[in-house]
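Engineer: So the chains spell out like this:
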Amino acid sequence: MDRLDFSQKLNHFSYSYHKNDDKIFSIDDEVKARIIISRLYYSLFQRLLVEVNTIRKSSGANQHDALSSILEKNAGKGSMYRKLYEHFKDLQSLRIWADYRIKEDIKKGFDFAVLLEKNNRFIKSKKLIP
Amino acid sequence: MKNILNSFVISTALTTVSIASVTSDYGNYLKELNSYIDTRENIKNNKYFISENIEKMQKSDEEFYNKVIPFLHKNFKIIDTNSMGHQLGLIAKAIDTKISSYNNVIKIFKKDKKLQECNKQVLELREKNILIKKEIQTLIDLVFLNIEAKAIYILAEDILKEKDFNFTLNDFWYTHDLEDDNKALFVNIKGDINLDDIYEFEDDTDKAILKMQKEKQQTLSEIKLNTQQYDFNAISKSFFKRLSVV
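Those sequence lines, one after another, are chains A and B. Position in the first sequence (first residue = 1) + 19 = the working numbering. Position in the second sequence (first residue = 1) + 156 = the working numbering.
Some clues are possibly wrong.
[Stated by the list, open to error] Chain A stretches covered by chain B per the calculated footprint, using a threshold of three residues with CB under 8 angstroms from any CB of chain B:
no., segment
1, 97 to 105
2, 109 to 121
3, 125 to 131
4, 134 to 148
[As the list claims (entries may be wrong)] Quick list of simulated restraints, FRET-style, between CB atoms:
no., chain 1, residue 1, chain 2, residue 2, range
5, A, 48, B, 374, 33 to 43 angstroms
6, B, 370, A, 97, 23 to 33 angstroms
7, A, 149, B, 359, 16 to 26 angstroms
8, A, 65, B, 252, 41 to 51 angstroms
9, B, 335, A, 69, 27 to 37 angstroms
10, A, 41, B, 306, 34 to 44 angstroms
11, B, 234, A, 21, 14 to 24 angstroms
12, B, 318, A, 51, 31 to 41 angstroms
13, B, 359, A, 64, 19 to 29 angstroms
14, B, 273, A, 65, 54 to 64 angstroms
These are computed hints drawn from the structure, not numbers from a lab. All residues carry an ideal CB built from backbone N, CA and C; glycine is no exception.
Construct the entire structure; sequences and hints are all you get.
Structural biologist: Right under this line is the structure:
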């Protein structure tokens, strides 16, 4: 995708969302996927911060790296924690793609339905940090 | 260069032959330049042509960097990947030769005060080619990444055949990040989304991936690779650590 094109579509999305305009649904599949993934990553990130008080005070990339390290350490404590770590890494990698790697196209048919389900299960879990 | 490049870019059925044409044409101006500077007498008589050739090489490099490389980045998956890897290896090898030739040209130009401007341009050419070489190496890595992705997808399909799950694999996709030490091959599915089944399938595939990567390393350590044309360091890499259904 062309960077200028992406910029204009994000602007269109934000503007339409702000105005509650139906035009928001005319957004193409790739831009939609990029917006969903970017927000999905932060939904998990914020959910994890609820349980990890110690890193809330640090800022920027440090928080993300610290969280990743905690999840990696916990990955050996059970299959749920291993899957959570893998899901976090998937979302981290996909978010970088979604927000920065604009020229890398996605294949048609990838709507991330399973990724959303995985995220939903973790967000609803009572405990993500042992 | 320009005619070949145009036919290369507009070609809908891209072939490795067209990439090879670019490769062979790419070094022609440098060969011509070398023929003008092989003796002091030649340098003296051919100053105009030396300058003209440097300009042609600058234009050629710009076209290669701004048009061919982005085109290859966009299309490396649709070309026969094995042949593509081979051709990219030849391009990388040609660039190595070019950089080495530039070093020789720089040594000669340094000695002649009247050629200082040309020398500055050749230094820039050398830097540009180091950059192009880096891009070609990335493309070579991406070709190997694509080959590995296809192999893992086939492996995953075989594993799923043994299971009694209500979904089938639809396609695979991956990001171009080559440094991710927990890299996943992303696949999408058709059918029911049952997370427990999906996780079981992922775990079984991950074990098979690990086994496959170990066997690859073992095989590579036992055979002597034929790397006469180009040292494909990407061949020994294992990019994907696991599969993830998304």
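Engineer: Against each hint, give a clear statement of whether it holds in the structure.
Structural biologist: Right, here's what the structure says about each hint:
1. Counting residues of the segment 97 to 105 of chain A whose C-beta lies closer than 8 angstroms to any C-beta of chain B gives 3; at least three are required, and the coverage claim holds.
2. Coverage of a stretch by a chain is defined here by at least three residues with a beta carbon nearer than 8 angstroms to that chain's beta carbons; for the segment 109 to 121 of chain A and chain B the count is 6, and the condition holds.
3. Check result for the segment 125 to 131 of chain A against chain B: holds, 6 residues qualifying (beta carbon to beta carbon below 8 angstroms, three or more required).
4. Residues of the segment 134 to 148 of chain A with a Cβ under 8 angstroms from some Cβ of chain B number 4, which satisfies the need for three, so the listed coverage holds.
5. Taking 33 to 43 angstroms as the suggested C-beta distance range, the pair residue 48/A and residue 374/B conforms, at roughly 42 angstroms.
6. Between residue 370/B and residue 97/A the CB atoms are about 25 angstroms apart, so this pair conforms to the stated range of 23 to 33 angstroms.
7. Distance hint check for residue 149/A and residue 359/B: the Cβ-Cβ separation is about 20 angstroms, which falls inside the suggested range of 16 to 26 angstroms.
8. At roughly 49 angstroms, the beta carbons of residue 65/A and residue 252/B sit within the given window of 41 to 51 angstroms.
9. Hint check: residue 335/B to residue 69/A, Cβ distance near 31 angstroms, so the stated range 27 to 37 angstroms holds.
10. A beta carbon spacing of about 41 angstroms between residue 41/A and residue 306/B agrees with the range 34 to 44 angstroms that was offered as a hint.
11. Under the hint 14 to 24 angstroms, the C-beta atoms of residue 234/B and residue 21/A, about 20 angstroms apart, fit the expected range.
12. Restraint check, residue 318/B to residue 51/A: a C-beta distance of roughly 35 angstroms satisfies the suggested window 31 to 41 angstroms.
13. Between residue 359/B and residue 64/A the C-beta distance comes to about 25 angstroms, which sits within the given range of 19 to 29 angstroms.
14. As the Cβ distance of residue 273/B to residue 65/A is approximately 59 angstroms, the hint placing it in 54 to 64 angstroms holds.
When held up to the earlier numbered hints, the structure conflicts with none and fits them all.
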